[in-house]
Amino acid sequence: MKYCDKCEIKIQTNHNYCPLCHQTLTVLTEEEVIEKYPKTKSQLREGSKLFRKVLLFISLTSILVLLTINYFTGFNQPWSFIPIGSIVFFWLLMVVGFLSKTNIASKLFFLTILSIFFIYMIDELSQSEGWALNYVAPLLLFSCNLTISFIILIKRINYRDYISYLFLIAIFSIAPLILILFDVITVLWPAITSFGLAIFILLFIIFFFPKSIKDEINKRFHA
Amino acid sequence: MKSKTSKDWYKLDNSAKIFPSVSNDVETNTFRVTMTLKEEVQPEILQKAVDNTLERYPLFKVKLKKGLFWAYFDTNSKPFIIQPMSHIVCGPVHPYENNGYMFKVLYRNCDIAIEMFHSLADGGGVIEFLKALVYEYLVLTGKQLTPDNLIATTDQMMRSEEYEDANAKYYNRKNRKHVPEEQAYRIKGTPLEPGLTGLISGIIETDAILKLSRSHGMTVTEYLVSVMMYTIYITQIQYREQLKSNQKPVKIFVPVNLRKHFPSQTLRNFTNFIKTNMLMTKSDITFEEIQEVVKKQFSEGITKEELIRKMSENVAFEKNWLLRMTPYVLKQFVLKIGYSLLGIKLNTMSFTNIGRVILPASMKPYIKDVTAAVYSGKYNTINCAIITYEDKFKMTFTRSIIETRIEREFFRFLRNQGLDIEIESNYVEDYL
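Here the protein sequences come in this chain order: A and B.
Take the first sequence: its position 123, counting from 1, is numbered 122 in numbering that gives the first Met the number 0, and each next residue is one higher.
Take the second sequence: its position 51, counting from 1, is numbered 50 in numbering that gives the first Met the number 0, and each next residue is one higher.
Where hints are given, some of them may not hold.
Derived pair list, reagent style DSS-like, types lysine-lysine, alpha-carbon separation capped at 30 angstroms [to be verified]:
#1 Lys10(B) / Lys210(A)
#2 Lys391(B) / Lys38(A)
#3 Lys100(A) / Lys10(B)
#4 Lys377(B) / Lys52(A)
#5 Lys47(B) / Lys38(A)
#6 Lys213(A) / Lys10(B)
#7 Lys106(A) / Lys60(B)
#8 Lys391(B) / Lys9(A)
#9 Lys5(A) / Lys367(B)
#10 Lys64(B) / Lys210(A)
#11 Lys100(A) / Lys60(B)
#12 Lys210(A) / Lys168(B)
#13 Lys367(B) / Lys38(A)
#14 Lys213(A) / Lys330(B)
#15 Lys281(B) / Lys344(B)
#16 Lys154(A) / Lys77(B)
#17 Lys213(A) / Lys168(B)
#18 Lys77(B) / Lys213(A)
#19 Lys154(A) / Lys10(B)
#20 Lys37(B) / Lys38(A)
#21 Lys47(B) / Lys100(A)
The calculated label-pair distances, taken between Cβ atoms and stated as ranges, are [unchecked claim]:
#22 Gln82(B) / Leu124(A): 47 to 55 angstroms
#23 His177(B) / Leu180(A): 49 to 57 angstroms
#24 Lys173(B) / His221(A): 25 to 33 angstroms
#25 Leu124(A) / Tyr95(B): 34 to 42 angstroms
#26 Glu31(A) / Asp390(B): 20 to 28 angstroms
#27 Gly96(A) / Asp390(B): 50 to 58 angstroms
#28 Arg158(B) / Val87(A): 49 to 57 angstroms
#29 Phe412(B) / Val32(A): 22 to 30 angstroms
Rather than coming from a laboratory, the hints here were simulated on the basis of the structure.
Every residue gets a Cβ at the ideal spot worked out from N, C-alpha and C, and that includes glycine.
Required output: the full structure, derived from the provided sequences and hints.
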């Protein structure tokens, strides 16, 4: 036990100054005590953030350089959007895909939708052949549907967290079929395969997990 | 797997709705209650005790999720993991850390602590939870205990009253007038490094402080709030009344446990507040003068009508259809702006007296001490939490500034009244 004769308080500590007035404490009984609280450490860690800062700096300067060059070569051909889009895609992939701690189904959902937009942009800015919507988009949706379904089958315990994303992605997979009606999609088999799997999954959810979906809707939409 | 009829998600109660939008690494809105045992804590047994207790208290076994209009608590199927206590006091609870749980169970030496995000429960709720947890822990270490109807043990079933939104229950449409308030005086100082909190506790003998405040014809809270106001006055304002920053009134936010005023057994938020309010722009304010003001403001603030009015004001805001129909993403901005205008800047500090912790007689021999602490942030740079266990009346100051003048003068004032004080500190200045 120690004593501060200025504040007239007792304190049990290994420190030799008073926490109130910072004057020296008088020792009443000599003893080694276990401090009540852990020792305070400075927690500013610049190192781990430096890499991120450098990457962000390079990304931003590259975007500026690309835009400048594109401006002088004529904006009627906005080719710079492909590398700029790639940089943005890289960052979203890193931040959402790897660093974020949301559940895997929501990551897959987000990344699938993001990739579709990104690939559609590349297709439009290059030859505009239509491969993005004809092949890649439906097949991406198809594989995303399949992956989330498998994850649910394997990790049963968390199915409630994932099922709403499966439901959403299945609904999104109906979109290619609508695009067929508007003649945007001209190759039928990928769109129809993706649609088939989506309908199968939707029916499966509606038949076997109606309560989960109802609960999920209640939760998400209560006002 | 839970049966299909059990409740697996909860709406946020009225007070809980504001916190997720306005909390960040600086304003963490967390608080900590610690029970100190007389023997060293064994982490493996504590982990088991937490798992068992969480089965009994499913309303804490949740994570925060965003809906289209409001956030909600969804059952968390991931395991809860206890942690050794770090040097961070009342740090932020991130939704994606800690497996999504909105509270932490910390252990160190003889201490078992719960650090809770304010959305999930208030002090009263956490005390019940902590009592049940420590009870379970002691039983698992082989102690013979009886709950004596003071603890909801793990053998019991959850009751639906435990998660009711009591604010909405006692809400009165007719008594919900909004009373505009002005901003409060703010205690300034040199900020500590972000994320660090200074902590100083003073332990006083319960009977002595009771006797002292009764000799002034006040309750303990009233008396100590008066001392606090006086300390702020002499350390921060006196002889500098002309300064522009000193023209705002000193307002101390004193939470009131509404369970003592309304019959509810909810473990979720059910607190309101009394606020003292005094403009201190004179150079000769005496302690007696402050006492009169505090007494008057307490007796006005504690009437049923006033408590219901404050409660209804908040509930009416939540029930506003325009706000209800705003998507959650936008609502967060609305709540943030509203809170910075109407919430935290209206208080100089918060001064919470959680009250007496009552334990079964068979449990008392194993418990040495109970401590409570609340976070302190950018606007309320110093806060105080009080908890009483047996003969230990423990006041804990937490601060986000380096200066300890207020604590020093506060305890010296009490010392001059003849009280013996023992201090505990986390010696935050060590990092400097």
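Are the Cα atoms of lysine 154(A) and lysine 10(B) separated by 30 angstroms or less?
holds, 27 angstroms
Hint consistency between lysine 47(B) and lysine 100(A) [alpha-carbon to alpha-carbon, up to 30 angstroms]:
Holds - the C-alpha atoms of lysine 100(A) and lysine 47(B) are around 26 angstroms apart, at most 30 angstroms.
If I claimed the Cβ atoms of phenylalanine 412(B) and valine 32(A) lie 22 to 30 angstroms apart, would that claim hold in this structure?
holds, 28 angstroms
Is it true that the CA of lysine 37(B) sits at most 30 angstroms from the CA of lysine 38(A)?
holds, 22 angstroms
Is the straight-line distance between the alpha-carbon of lysine 391(B) and that of lysine 38(A) 30 angstroms or less?
holds, 25 angstroms
Should the hint that histidine 177(B) and leucine 180(A) are 49 to 57 angstroms apart at their CB atoms be regarded as holding?
For leucine 180(A) against histidine 177(B), whose Cβ atoms are near 54 angstroms apart, the range 49 to 57 angstroms holds.
Is lysine 213(A) within 30 angstroms of lysine 10(B), Cα to Cα?
holds, 16 angstroms
Glutamate 31(A) and aspartate 390(B), beta-carbon distance inside 20 to 28 angstroms?
The hinted range 20 to 28 angstroms holds for glutamate 31(A) and aspartate 390(B), with Cβ atoms some 27 angstroms apart.
Starting from lysine 77(B), check that the Cα of lysine 213(A) is at most 30 angstroms away, please.
holds, 22 angstroms
Taking the Cβ atom of arginine 158(B) and the Cβ atom of valine 87(A), is their distance within the range 49 to 57 angstroms?
holds, 52 angstroms
Going straight from one Cα to the other, do lysine 213(A) and lysine 330(B) come out at no more than 30 angstroms?
holds, 24 angstroms
Given the hinted pair lysine 10(B) and lysine 210(A), is their alpha-carbon gap at most 30 angstroms?
holds, 18 angstroms
Of the numbered hints given earlier, the model fails none.
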